[in-house]
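Start from the sequences and build out the full structure, keeping to the hints where you can.
Protein chains in written order, with the working numbering: chain A, 1 to 107; chain B, 1 to 107.
FYI, nobody ran anything at the bench for these hints, they're computed from the structure. A few of these clues could be false.
Which copy? The list can't say, so a pair holds if one copy fits it or any two copies do.
[What the hints assert, rightly or not] With a straight-line cut-off of 16 Å between C-alpha atoms, the simulated EDC-like cross-links for lysine to aspartate or glutamate are:
hint: 1; residue 1: Lys2; residue 2: Asp107
hint: 2; residue 1: Lys9; residue 2: Glu95
hint: 3; residue 1: Lys9; residue 2: Asp48
hint: 4; residue 1: Lys30; residue 2: Glu56
hint: 5; residue 1: Lys76; residue 2: Asp48
Now for the letters of each chain:
Protein chains: 2
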Amino acid sequence: MKRIGIVLKVRKEKIEEYKKAHEKVWPEMKEALSRTGWHNYSLFLRDDGLLFGYFETPVDFATALKGMEKESINEKWQAAMAPYFEALGGRRADESMLELEEVFHID
Amino acid sequence: MKRIGIVLKVRKEKIEEYKKAHEKVWPEMKEALSRTGWHNYSLFLRDDGLLFGYFETPVDFATALKGMEKESINEKWQAAMAPYFEALGGRRADESMLELEEVFHID
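Here it is as structure tokens:
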């Protein structure tokens with residue numbers, strides 16, 4: 001399993017809406033994530049909207065993203081999430097996720 | 001297991017040194033982390049020095065921190081790491097870690 005860390009920025013004024021949406025992520029979206037290799041996936045939010053994602057995957061970040069691109073439910077989910085994010089410049093959130101460098105790990 | 005997300009800020013001019021130090025974390029420090037409930041612990045770095053930590057613990061963040069406070073190796077490690085971090089205001093890095101709110105998880 002490869003460990004992936006990603007970062008995004010939620011608009012501060014949209015934080016509560018973003019959190020509510022993530023309490024009820026569509027079951028089809030969760031199934032698609034599992035099917036395309038997004039395991040042990042968590043999202044963590046700082047109070048200014050900084051969003052940190054962590055997941056483990058048998059593939060790599062690019063392949064996991066490509067897997068979700070083929071899922072029609074993802075297109076709908078990303079369209080629903082787009083208004084919550086800062087500075088996406090017309091891109092979807094999943095196209096704007098910045099992969100971080102893992103600099104330390106212990107099991 | 002509780003999942004913990006934390007954030008810190010490495011000084012941009014110290015990033016390479018910080019990365020090198022984390023390629024050779026002292027074995028005694030790793031053992032102390034494992035012993036005090038820091039499992040599956042990863043650190044991820046953005047190129048501006050933003051640092052995200054993720055770990056899983058049978059206790060909670062405060063208890064995991066307290067466990068490490070009792071380890072003398074941690075005092076030495078934190079003293080060695082202090083110059084790498086921004087705005088610690090005289091506090092050690094482990095006293096400045098900001099715990100993030102988990103807003104989503106799938107297994």
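Status of each hint after checking the structure:
Taking the shortest Cα distances, Lys2 and Asp107 sit within 16 Å of each other both inside one copy (12 Å) and across copies (15 Å). When the C-alpha separation of Lys9 and Glu95 is checked against a cutoff of 16 Å, the pair qualifies only within one copy, where the shortest distance is 13 Å, while the shortest distance between copies is 25 Å. In the homo-oligomer, the alpha carbons of Lys9 and Asp48 lie at most 16 Å apart both inside one protomer (9 Å) and across protomers (15 Å), since each shortest distance falls under that limit. Taking the shortest alpha-carbon separations for Lys30 and Glu56, only the intra-copy value of 15 Å comes in at or below 16 Å, while the best inter-copy value is 21 Å.
Proximity of Lys76 and Asp48 under a CA criterion of 16 Å is satisfied in neither setting, with 26 Å inside one chain copy and 32 Å between copies.
Hint compliance for this structure: hint 5 alone is broken.
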